[in-house]
Amino acid sequence: EAGVAQSPRYKIIEKRQSVAFWCNPISGHATLYWYQQILGQGPKLLIQFQNNGVVDDSQLPKDRFSAERLKGVDSTLKIQPAKLEDSAVYLCASSQGAGGYNEQFFGPGTRLTVL
Amino acid sequence: TQLLEQSPQFLSIQEGENLTVYCNSSSVFSSLQWYRQEPGEGPVLLVTVVTGGEVKKLKRLTFQFGDARKDSSLHITAAQPGDTGLYLCAGADAGGTSYGKLTFGQGTILTVHP
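These protein sequence lines map, in sequence, to chains A and B.
For the first sequence, the working numbering assigns the number 1 to the initial residue and increments by one for each residue that follows.
For the second sequence, the working numbering assigns the number 1 to the initial residue and increments by one for each residue that follows.
Keep in mind the hints are simulated off the structure, nothing from the lab.
Straight line, CA to CA, 30 angstroms or less: simulated DSS-like cross-link-like pairs of lysine-lysine:
(1) B:Lys59 with B:Lys70
(2) A:Lys78 with A:Lys44
(3) B:Lys57 with A:Lys44
(4) B:Lys70 with A:Lys44
(5) A:Lys62 with A:Lys44
(6) A:Lys44 with B:Lys56
(7) A:Lys44 with A:Lys15
(8) A:Lys83 with A:Lys15
(9) B:Lys70 with B:Lys57
If you're wondering where the values come from, they're calculated on a predicted model, not measured in any experiment.
Okay, chain A solo, but in the shape it has when bound:
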């Protein structure tokens, strides 16, 4: 079974530029998550989709971050404009359903460096 795919793996941009990340979850997984993991910290949930609807985006900085999940499959996360403090690894995860009893499968992440 193929895992969660993410691209690109690495991205270096200058502050105030825009950047987009792509995620392809495990086939059949209804729930998709985007996390931000700053060096030395645990992942922080940015947004959670159930199929193509948003169920939690309470920690998403909506003035600069946006995310969509078209047709309930692939998802993109965009940052516009980027700030220095956005430097982090952005992890995408998927699970069969929502809820703490469901295993979340994580992709390898995209490491973003903002200069």
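Given chain A, work out where chain B should sit, using these hints.
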């Protein structure tokens, strides 16, 4: 906002030693998960504990969920270099409309020296 405090943040030990990592919160969780993350990869689930007082064993790893479902521990017996990595605990919201949102601890970086 629910918080999970992990301790210690860093652990450097010799092969064959035992160790315990703690995960504490003032909040009640419906379940608690432990993940292991290696450099350049995403976290991988080790175990999910659901019932207060539950103990689960995975080879040399023993996981315990506190009676009040607010804390958990991970004990590794006879650590090996292959156990090296970042260990994360994550609690799932107990609220009915939270869709089981996970709150992660800050992680424990374990290094096992040969």
